[in-house]
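Each chain, written out:
There are 2 protein chains.
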Amino acid sequence: MLLYLIRHGKAAAGASDAERPLTADGADEMRRVARRLTKLGVAFDATLSSPLVRALETADLLAEAGIAGAVEACAALAPGGTLDEALGEVARRHARGAERVALVGHEPTLSEWAARLAGAPAGSLELKKGGIIALELPDRPPFEGRATLVWLTSPKLL
Amino acid sequence: MLLYLIRHGKAAAGASDAERPLTADGADEMRRVARRLTKLGVAFDATLSSPLVRALETADLLAEAGIAGAVEACAALAPGGTLDEALGEVARRHARGAERVALVGHEPTLSEWAARLAGAPAGSLELKKGGIIALELPDRPPFEGRATLVWLTSPKLL
Chain A
1 MLLYLIRHGK AAAGASDAER PLTADGADEM RRVARRLTKL GVAFDATLSS PLVRALETAD
61 LLAEAGIAGA VEACAALAPG GTLDEALGEV ARRHARGAER VALVGHEPTL SEWAARLAGA
121 PAGSLELKKG GIIALELPDR PPFEGRATLV WLTSPKLL
Chain B
159 MLLYLIRHGK AAAGASDAER PLTADGADEM RRVARRLTKL GVAFDATLSS PLVRALETAD
219 LLAEAGIAGA VEACAALAPG GTLDEALGEV ARRHARGAER VALVGHEPTL SEWAARLAGA
279 PAGSLELKKG GIIALELPDR PPFEGRATLV WLTSPKLL
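Chains as they are written, first to last, in the numbering used here: chain A, 1 to 158; chain B, 159 to 316.
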């Protein structure tokens with residue numbers, strides 16, 4: 001199974017942290033990333049997003065490009081969510097046939113999760129806004145420490 | 159200091175393993191990668207290559223694009239070379255002012271070195287032919303287990 005960890009794009013100030021929207025530039029950059037992913041043949045069978053506006057907007061732009069299907073808001077991807085909770089959500093989608101799952105969320109959480117999945121120390125990966133980490137997970141749990149890092153990209157690279 | 163680990167492009171058969179040249183497609187792909195790196199503003203202050211033909215040809219294509227300067231053949235990057243030897247070569251270039259060093263070589267060596275530098279287990283990174291791993295190294299040794307992974311890309315992504 002392929003797991004894509006996607007950090008939200010550049011965000012503006014908002015009435016609260018949960019309500020910060022993408023900036024116009026941030027949204028444009030995510031549209032460009034989505035077009036590149038489309039050209040690369042990347043698509044997701046399930047797309048879970050942090051319920052925070054900047055993450056939901058990022059996931060929605062991927063969905064608009066036709067690569068993300070229906071976006072599901074997922075509390076485990078909000079700041080403070082745990083890797084165990086997130087992997088539980090991933091495992092449930094995998095059990096229903098999803099082979100390519102995208103999680104749209106925040107730093108430092110996503111790069112810490114990627115490091116734990118690959119068996120690397122926290123802080124050993126850098127994930128920029130709009131960046132993507134792709135990991136190949138083993139077919140069955142446990143996933144932690146057993147994943148292979150396939151991509152680590154910034155939006156600029158794509 | 160930024161360390162770029164670059165796997166040689168697709169190679170054909172040769173009179174011996176050391177003499178295998180890039181295929182025409184492999185060379186074209188490396189030229190395209192070199193152009194993309196140029197556009198991204200990536201350049202190297204020092205470029206060390208495995209002395210095997212397919213690696214030297216890969217490094218030469220980066221040099222032709224104007225991003226790699228003079229290519230130095232380096233025995234430590236041949237199959238069987240060790241990370242300690244390679245880091246010794248990197249440290250010598252860094253002492254002479256190089257802040258961006260590229261090592262052009264082979265698998266599984268390069269991804270194992272990247273994993274050790276980032277503190278991750280061997281086999282936790284996948285590096286395709288013509289792929290690039292970029293690591294931010296601390297300013298002084300020891301480097302092992304203290305690097306941050308910045309990029310992991312295949313030529314297709316670039």
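The reader is advised that the hints may include incorrect statements.
What the hints assert, rightly or not - Lysine to aspartate or glutamate pairs mimicking EDC-like chemistry, simulated, CA-CA at most 16 Å apart:
(1) K286/B to E265/B
(2) K286/B to E136/A
(3) K129/A to E107/A
(4) K286/B to E270/B
(5) K287/B to E257/B
(6) K128/A to E294/B
These are calculated hints, taken from the structure and not from any lab test.
Here is how each hint holds up against the structure:
With a C-alpha separation of about 9 Å, the suggested pair K286/B and E265/B falls inside the 16 Å cut-off, and the hint holds. Taking the CA atoms of K286/B and E136/A, the gap is near 14 Å; set against the 16 Å cutoff, the hint holds. Taking the CA atoms of K129/A and E107/A, the gap is about 9 Å. The hint holds against a cut of 16 Å. Annotation: proposed proximity of K286/B to E270/B holds, straight-line Cα distance about 13 Å (limit 16 Å).
The hinted pair formed by K287/B and E257/B fails the criterion: a straight-line CA distance of about 25 Å is larger than 16 Å. Distance restraint check for K128/A and E294/B: the Cα-Cα separation of roughly 14 Å lies within the 16 Å cut-off, and the hinted pair is therefore satisfied.
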